[in-house]
Each structure stands twice: as C-alpha cells, then as structure tokens.
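Q: Sequences are here, hints too, so could you generate the full structure?
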Amino acid sequence: MLFEGYSMDALTVQKLLSAASGDGALLYIYLKSGNDPVNAQKDLLMTEARYQCAAATLRQMGLWPEAQSKIIPMGERPQYTEQDVVQALNKDREFRSLYGEIQRLLGKTLNNEELKIILGFVRYLGLPADVICVLVCYCKDRAKQKGSLRNPSLRTIEKEAYAWAEQGIDTIEQAGAFIQAQNLRRSRLQELMRILQIRNRELTPGEKNYAQKWLEMGFHKDAIALAYERTCVNTGAMNWPYMNKILARWHEKGFHTAQQVLSGDKKPIPKGASGELGQAELEAIQKALQEV
Numbered sequence: 000m001l002f003e004g005y006s007m008d009a010l011t012v013q014k015l016l017s018a019a020s021g022d023g024a025l026l027y028i029y030l031k032s033g034n035d036p037v038n039a040q041k042d043l044l045m046t047e048a049r050y051q052c053a054a055a056t057l058r059q060m061g062l063w064p065e066a067q068s069k070i071i072p073m074g075e076r077p078q079y080t081e082q083d084v085v086q087a088l089n090k091d092r093e094f095r096s097l098y099g100e101i102q103r104l105l106g107k108t109l110n111n112e113e114l115k116i117i118l119g120f121v122r123y124l125g126l127p128a129d130v131i132c133v134l135v136c137y138c139k140d141r142a143k144q145k146g147s148l149r150n151p152s153l154r155t156i157e158k159e160a161y162a163w164a165e166q167g168i169d170t171i172e173q174a175g176a177f178i179q180a181q182n183l184r185r186s187r188l189q190e191l192m193r194i195l196q197i198r199n200r201e202l203t204p205g206e207k208n209y210a211q212k213w214l215e216m217g218f219h220k221d222a223i224a225l226a227y228e229r230t231c232v233n234t235g236a237m238n239w240p241y242m243n244k245i246l247a248r249w250h251e252k253g254f255h256t257a258q259q260v261l262s263g264d265k266k267p268i269p270k271g272a273s274g275e276l277g278q279a280e281l282e283a284i285q286k287a288l289q290e291v
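Per numbering that gives the first Met the number 0, the very first residue in the sequence shown carries number 0; after that it's consecutive.
Hints were generated in silico from the structure; no laboratory data involved. Built from N, CA and C at the ideal position, the CB exists for glycine as well. Incorrect hints may have been included.
[Stated by the list, open to error] Here are the computed distance ranges between Cβ atoms for each label pair:
#1 ILE194 to PRO127: 16 to 26 Å
#2 LYS41 to ASN199: 42 to 52 Å
#3 LEU16 to LEU44: 15 to 25 Å
#4 THR80 to HIS219: 49 to 59 Å
#5 ASP42 to GLU165: 24 to 34 Å
A: In structure tokens:
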C-alpha cells in the first residue's frame, strides 16, 4: 500500500464524521494516500458488502475520486426504433423477461416508448437486468415515501438510471450499498424533522438544504434541539435563517453537541437580573431577523 502525505480540510472531516461510517473514513484515507480503488477491498480486509457500502457513502458525500463519465451528452444518446424493440423482444430472452418483470412491478402494460427507455438501460447504460429491477423498486419506494399513491413513470426511472450509471452503480452489491446509504440519510433527516416538530409533510427544497448542511457540519441531535429551542424563544416561531445563524456560529466555534454549547457559550448574568430579555437584547434579535 502507498502512504503518500496529504492534508484534509475541515469540511471533509465534518462530512466523514457526520456520515458515522468508519469504513467510509478508512477507505477515503486509503484512496487519498494514492492507492488504487481496485485493491481497496483486499488491502483493507473488507468484505464485498462492507466495501460497497463504504464506497457508496463516499459517492454520496462527493468524496469518491472523480472518474471520466462514460455517459455522453443527452443529445448524442442513441435513439431506438420500434424495430429495435421488436427484435429485442423476439431474439433476447433476457430482455423479454425483464420487460415482463417491470410490467409486474409497475402494474401496467408498457408501451413502445417505454420499451425504448428500457432498451436504453440495457444496451446503452449496460445495466444488468437484476440491477434494473432493483432500480425500479427503489424508485417505487421513494415515490411512496414522498406520499405519492402512483408508481413512478419510466421517464422518472430513466433519470435515476442515468444518475446510477454516472456513479458507476452497475452491480447488485453497489445498488444495495447505495440504497442503504440513501436510507441512512433519509433516517437522519426524519430524526431532524421530529426535533423541529415537522409532521405530515416533506421538507421544502430550501428547508432540506438547511437540514442537510447542518447534518454535514456534524451536529448532534441534542445541539439541533437546543438551537431550535433558542430560535423559538427568541423569535416566537421556527425561523430557518435565524436557526442557521445560530448553528453556523456554533460550528465556527467547534461546538457540535449541546454540552459543548452549554459549557462554552455561557455568559455571566448580571446581579439582580430577572432573566427576562432586556430592551437591548430584543433590539439585537429584531436586527438579526431583518438581516436574514
């Protein structure tokens, strides 16, 4: 194994810590030391499942070594014809079986345009049939999690298929590791939503950006709960930009747990103070709210 020297920036450290994946951190250090990913599983004494999960974790955080994409621009992708579909159905037993399984999973008869999309999964993206079936199931589960009562369209599944291909997900093991990483990420978001008392709805894109940023910073749930409490006390309701300012300030100080905040952020209370907010503090809060 190679042991080249390298430096790790604070954001990368926070990402690795927030992922809570020892294998992911170990694999990242191995790769940053100049080693080949091909030899990682053997050198690090990992099982196939552990390695694939660690690799998927790094891909999700954008820490996987960049590789030249095998996917050509959208405008240059091959256009399949109805004749291509007919030939595939007549001559390719595996494609015919895949076609039937996807119809079963989606609960509908596929038309020619949808069959062309599936043909692209096989011939252009090079995805095996079992991986395509896992992909369809993943898209179905994600639609249900978002509250949809309908199965996803083939166009929606196609977008996810290209995302998988660009990340090099083309085996059952890689697909399983990717889904596991996604489920962990969603579980952490749901825990955060419970802390913020958000129920019966999904986060908006803007809210999700805030939430993911806080998780990537490495905050424990007790610190997020404390920031939420202070936000509500000071502003009278949940205010995302205001809470983000609190957490950003704590992050700059290196406070990521409630204990660190309470022990490091204490301010002496003047004698005779009632504990209520003074006029100067109220004005400061109003000024902060106007800035966000």
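Q: Next step is simple, just say for each hint if it's right about the structure.
A: Each hint tested on the structure:
1. Between ILE194 and PRO127 the Cβ separation comes to about 41 Å, which falls outside the hinted range of 16 to 26 Å.
2. Between LYS41 and ASN199 the CB atoms are about 48 Å apart, so this pair conforms to the stated range of 42 to 52 Å.
3. Under the hint 15 to 25 Å, the C-beta atoms of LEU16 and LEU44, about 23 Å apart, fit the expected range.
4. Hint check: THR80 to HIS219, Cβ distance near 56 Å, so the stated range 49 to 59 Å holds.
5. The supplied range of 24 to 34 Å is met by ASP42 and GLU165, whose beta-carbon atoms lie about 26 Å from each other.
Of the numbered hints stated above, the single one contradicted by the structure is hint 1.
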